[in-house]
Amino acid sequence: MNQPQRDWPLWEVFVRARSGLEHKHVGSLHAADAAMAIDHARDVYTRRQEGVSLWVVRSADIVASDPGEADALFEPARDKVYRHPTFYTIPEEVKNL
Amino acid sequence: MSAAAQPVPPATITIGRDATPLLRYVLRLGDTSLILGQRLGEWVGHAPAIEEDMALANLALDCVGQARLLLSYATEIDGRGFTEDDLAFRRDEGDIFNLLLAEQANGDFGRTIVRQFLLDSYFIELFGGLAHSKDARLAAIGAKSEKELRYHLRYSENWLTRLGDGTDESHARVQKSLDELWRFTAEFWVKDEVDTALVAQGIAPDATALEAPFRRRVAQCLSTATLRQPADAPIALSGRTGRHTEPFGRLLAEMQFMQRAYPGAQW
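Protein chains in written order, with this note's numbering: chain A, 1 to 97; chain B, 1 to 267.
The set of hints was computed from the structure by calculation and includes no laboratory data. All C-beta atoms in this analysis are idealised placements derived from N, C-alpha and C, irrespective of residue type, glycine included. It cannot be assumed that every hint is accurate.
[As the list claims (entries may be wrong)] Listed next, with one range per pair, are the computed distances between beta-carbon atoms:
1. Ala261/B with Trp55/A: 47 to 55 angstroms
2. Lys144/B with Arg58/A: 34 to 42 angstroms
3. Lys144/B with Pro91/A: 35 to 43 angstroms
Isolated chain A (complex conformation) (with noise of 0.2 angstroms):
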């Protein structure tokens, strides 16, 4: 038998409200493995039929940009306006886009 671990690692949540949307990150929790993350995820995040579907992934396993290096990434894109789609019209019947 191995020397318990003494903190479960850190997983991230996500939800997916209904059929067709997207997972969506609502939080994080702790859990000693995937399937205790799962229900930890249940039993915090989907009391209030939150959703109908979810994912959990270890946060060790997120690789981050590097917040030093935000100007580099992201600044050039903010004289773009031409990249936005709003020269176009949206049909009524498309709600989640």
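Dock chain B against the given chain A, drawing on the hints supplied.
Below, chain B alone, put in the same frame as chain A:
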């Protein structure tokens, strides 16, 4: 309280020996859910992790929900105009008919898991059987509860495996709790005139038919959890006839305090 409030019912409600088998049966079911919900609720704010606090509170709320459906059905059968709250908070020990296992103290987290696992393994068969009851209300309650029970069982089964097949200490603790609590499962299979009458009418599932699937599931889970099944032993007390174990008085005092101290008080 408004002036138009209902007249306050008697401080203590008794269930006469002449109560119908259906009333006694529904109270046994409802009281077991009520008392287990109360025990699980004691964990709120005390669980080993906030996620488990939420999980146990969710289980507790499912139990209280089942109790509400069953006790509110009991008030209709009873016919004296009481509410489900009256039945929950105004009966004394001898008129409450829960299974003894449900009232056993929480102990450590592992002991709560053992109690939960044994009750869940029984309930999943019981509520599954009730879903086919000739009594339409019980059939509906059974079908609804069975879905909740599938999650409860998944939760308690997972934890039983983690603790049983975990560290030396967690294994020793859950084995000890299992050794202490196993004897209360004998009460699941005891049949009296209430059961006989309702089984004959197709209202209650026959406990004998529930025992084999219960034992199969328990044997399999205990083996996965590397736990040893204790020997069977007969049980003398019966919560189902209102004869309880020692920890029950304190549970009841805490659960009923507000309504006993301030009869008819409302939020």
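Do the hints match the structure? See the list:
1. Ala261/B with Trp55/A: 47 to 55 angstroms: 48 angstroms Cβ-Cβ, so the 47 to 55 angstroms window holds.
2. Lys144/B with Arg58/A: 34 to 42 angstroms: holds (35 angstroms)
3. Lys144/B with Pro91/A: 35 to 43 angstroms: Taking Cβ atoms as reference, Lys144/B and Pro91/A lie about 41 angstroms apart, which means the hint holds.
Against the hints set out earlier in the document, no violation occurs for any number.
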